[in-house]
Structures are given as C-alpha cells and as structure tokens.
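Heads up: the sequence lines are chains X and W, in that order.
The opening position of the first sequence corresponds to residue 1 in our numbering, with each subsequent residue numbered one higher.
The opening position of the second sequence corresponds to residue 1 in our numbering, with each subsequent residue numbered one higher.
Keep in mind the hints are simulated off the structure, nothing from the lab.
One or more of the hints may lead you astray.
Capping the alpha-carbon separation at 25 angstroms, the derived lysine-lysine pairs in DSS-like fashion look like this [unchecked claim]:
1. X:K52 x X:K75
2. W:K70 x W:K44
3. W:K44 x X:K144
4. X:K144 x X:K75
5. W:K108 x W:K128
6. W:K47 x X:K144
7. W:K108 x X:K42
8. W:K105 x W:K120
9. W:K108 x W:K94
Estimated spans, in silico, between C-beta atoms of each pair [claimed, not checked]:
10. W:N97 x X:G38: 27 to 33 angstroms
11. W:V76 x X:D173: 39 to 45 angstroms
12. W:A109 x X:A77: 31 to 37 angstroms
13. W:S126 x X:T87: 42 to 48 angstroms
14. W:N97 x X:Y192: 19 to 25 angstroms
Stretch-level coverage of chain W by chain X, calculated; a stretch enters the list once three of its residues show a Cβ under 8 angstroms from a Cβ in chain X [claimed, not checked]:
15. 22-28
16. 37-44
17. 81-89
18. 103-112
We treat Cβ as the ideally placed atom computed from N, Cα and C, and that holds for glycine.
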Amino acid sequence: MKKMLLAGISAAFVATSFSAATAQTELSRNQIINSLQGAQQKVDVSADELQKAAFDNIARYPGANSPQNLPLADKLASLRQFNIEITFDFDSARIRPESYEAVGLIADALHTPYLQGQTFYIVGHTDAKGAREYNLELSIRRAKAIREALVTTFQVTGETLFAVGLGEEQLRDPANPDAAVNRRVQLINVGYR
Amino acid sequence: MRRLIFAFTTGLLLLAAPAAFAQTVGFAEAIKILSASCGKDIDKYCKSATLANNGIGQCLDQNQSKVSQKCNADRVVVRSLIEERLAAQAAAPKICNNDARRLCKGVKAGAGHVLRCLLKAQRSVSDKCNTAIDLAGYR
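Take these sequences, add in the hints, and give me the full structure.
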C-alpha cells in the first residue's frame with residue numbers, strides 16, 4: 001500500500017516498496033537526501049504563483065478533468081525532487097499513524113547539513129475522483145498539515161518550507177486519472193534563496 | 001572506539017550500542033514506535049488531534065487512563081527520543097564551534113555550510129565534535 005517513489009532529474013523514475021525501504025530506515029532517509037540534494041539550474045517559480053496557477057487552471061478550463069498539466073508545474077520537473085505517499089483520514093488533512101514514519105523521514109532528511117539552507121516546496125496531489133475545486137482545497141490542507149508537523153513537532157526550519165496543493169491539476173499518470181499513483185506528496189528542492 | 005562503531009551502518013548501531021553509550025535516534029525511528037504501539041489508541045481517542053504541535057503526544061497524555069499499557073510506556077519513550085535528537089541538533093554547532101573556526105575558515109555562516117565543511121573534514125575534526133554530529137543525525 002505504501003509506496004515511496006523516487007524521482008530523479010534524469011527522468012529515471014524508480015519505484016520501490018516503502019515497506020522494503022523502511023527495513024533500513026537510515027537508507028531511506030539517505031534516499032530522500034540523494035534525490036533532493038545537488039546543484040541545479042535556478043527555476044523562478046514562487047510557491048504563491050504555483051498555487052495560483054492551479055486555481056487559474058480550473059477557472060480557465062472548467063470541467064470534470066483538466067485537459068492538460070500546469071505549465072508552471074512542468075517548469076519544476078527538472079528540479080531535484082522526491083515523491084512520497086502519505087496517507088490521510090478520508091476527506092481529511094489528518095495524517096494517518098501509518099505515515100508518521102514517512103513524515104519523520106522527511107524531517108530527518110531536511111535536518112541534515114546536506115539539505116539545510118535550501119528551500120523546499122511540499123506539493124500535495126490528489127487523484128481525479130471528485131470535484132476539482134474540492135480536491136484542490138483538500139490537497140492544500142494536506143500539504144499544510146505535513147508542513148505543520150515538520151515545522152512544529154520535528155522543528156524543521158519553516159522559513160524555507162512552503163506548502164502548495166495542486167489537487168488533480170498535475171496528474172502523475174494523466175492516462176489513468178483515478179489511479180493511486182496520482183495521490184502523492186512531492187518534495188521539490190528549489191535551491192538556495 | 002566510538003569512531004569505529006560509527007563506521008558501521010548507523011542502522012546496526014541502534015541494535016548494537018550498549019547502554020553505556022549515549023545515543024540518539026532519528027525522528028522517523030522514534031515516531032514509528034508511536035504508530036506501532038499507539039496506532040489503535042490514536043484512532044480511538046485522538047480522532048481530532050494532529051501530528052503538528054505534538055498534538056498526538058498530548059492527546060495520548062490526556063487519555064493515559066484509557067490507552068493501552070504498551071502505548072503508555074512507549075509514548076514517554078518517543079517523547080524523550082525526539083527531545084534528545086532535538087537537543088543534540090541544537091548542541092552540535094556549539095560543540096563544534098572551535099573545530100569550525102579551525103577547519104572552516106572563510107566558510108559562510110548559516111544554511112548548513114559550516115556543518116557540511118565539518119562533515120567533509122571528519123578526519124581532522126575533534127572526537128567531541130564528530131560525536132556531536134553523529135548524535136545530531138547529521139552524518
């Protein structure tokens with residue numbers, strides 16, 4: 001059920017089973033670090049702009065599903081990033097106990113000197129079931145819930161951590177809009193600010 | 001001696017470290033104990049509590065007369081594990097101050113630059129500072 005997905009710059013998307021990865025917790029912390037760290041080109045897309053683009057997309061292309069991905073989000077595709085599945089209560093932003101460890105791993109990774117000082121977007125995505133506006137709002141609340149847990153309970157620096165929700169506007173698998181693979185949290189390193 | 005031990009994978013260390021060694025664990029390692037020992041109690045008594053602001057830990061405290069024995073024992077453990085790691089992270093830059101001045105001259109302060117310098121300079125760094133870095137989970 002829990003799937004941890006790694007996304008590299010090379011577009012070599014590797015999926016590993018989360019339960020297998022957590023057999024060696026330290027290793028999966030390092031997987032997050034390795035996916036996120038490293039020099040990269042600068043992409044100037046603020047978290048606010050990205051958030052606004054999702055709302056604009058619904059306004060511009062109303063209907064059950066978005067006809068295309070967000071150009072602004074596509075711009076971030078070249079950045080160092082990491083996809084992780086975090087589960088929530090149904091229709092809620094309450095993180096399930098099964099996913100506490102995943103949040104803890106993100107905290108462990110972001111605390112290390114390898115990632116300190118860099119700015120990260122926590123981007124929440126849903127699948128395409130249900131209304132787009134609803135999914136957008138839910139993903140925003142969920143991304144914020146993750147950020148809050150990181151910043152308070154695990155004391156990750158909040159100034160460089162931004163929560164964005166994109167609902168179903170940026171599907172990972174547009175050919176299968178309702179597929180579980182679309183439900184994910186994307187951590188993106190947008191570099192030193 | 002300690003250096004030797006840290007040379008092994010840190011995962012093994014947790015199991016192998018004798019009680020005499022002060023040791024901290026990562027946040028993931030700590031919080032997953034809470035899921036395992038208190039998951040059912042969390043769903044039963046803490047439906048409206050969240051992971052933010054130690055909300056789950058506080059909820060379990062408030063419901064300690066109702067939660068399972070195992071959960072009551074482990075929620076205290078989890079809290080102290082998290083506190084110990086946070087304390088170690090706060091302490092590391094201070095403990096390493098002299099090493100930083102000695103080995104990381106001209107390195108920009110902040111944004112983890114000095115700590116990254118100290119990680120690279122591990123062989124020249126004092127045992128005290130290396131241990132502090134290990135305890136902070138920075139390696």
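Going down the list of hints, with the structure as the test:
no. : hint                               : verdict
1   : X:K52 x X:K75                      : holds (15 angstroms)
2   : W:K70 x W:K44                      : holds (15 angstroms)
3   : W:K44 x X:K144                     : holds (24 angstroms)
4   : X:K144 x X:K75                     : holds (22 angstroms)
5   : W:K108 x W:K128                    : holds (22 angstroms)
6   : W:K47 x X:K144                     : holds (18 angstroms)
7   : W:K108 x X:K42                     : holds (20 angstroms)
8   : W:K105 x W:K120                    : holds (14 angstroms)
9   : W:K108 x W:K94                     : holds (16 angstroms)
10  : W:N97 x X:G38: 27 to 33 angstroms  : holds (28 angstroms)
11  : W:V76 x X:D173: 39 to 45 angstroms : holds (43 angstroms)
12  : W:A109 x X:A77: 31 to 37 angstroms : holds (33 angstroms)
13  : W:S126 x X:T87: 42 to 48 angstroms : holds (44 angstroms)
14  : W:N97 x X:Y192: 19 to 25 angstroms : holds (23 angstroms)
15  : 22-28                              : holds (count 3)
16  : 37-44                              : holds (count 4)
17  : 81-89                              : holds (count 3)
18  : 103-112                            : holds (count 3)
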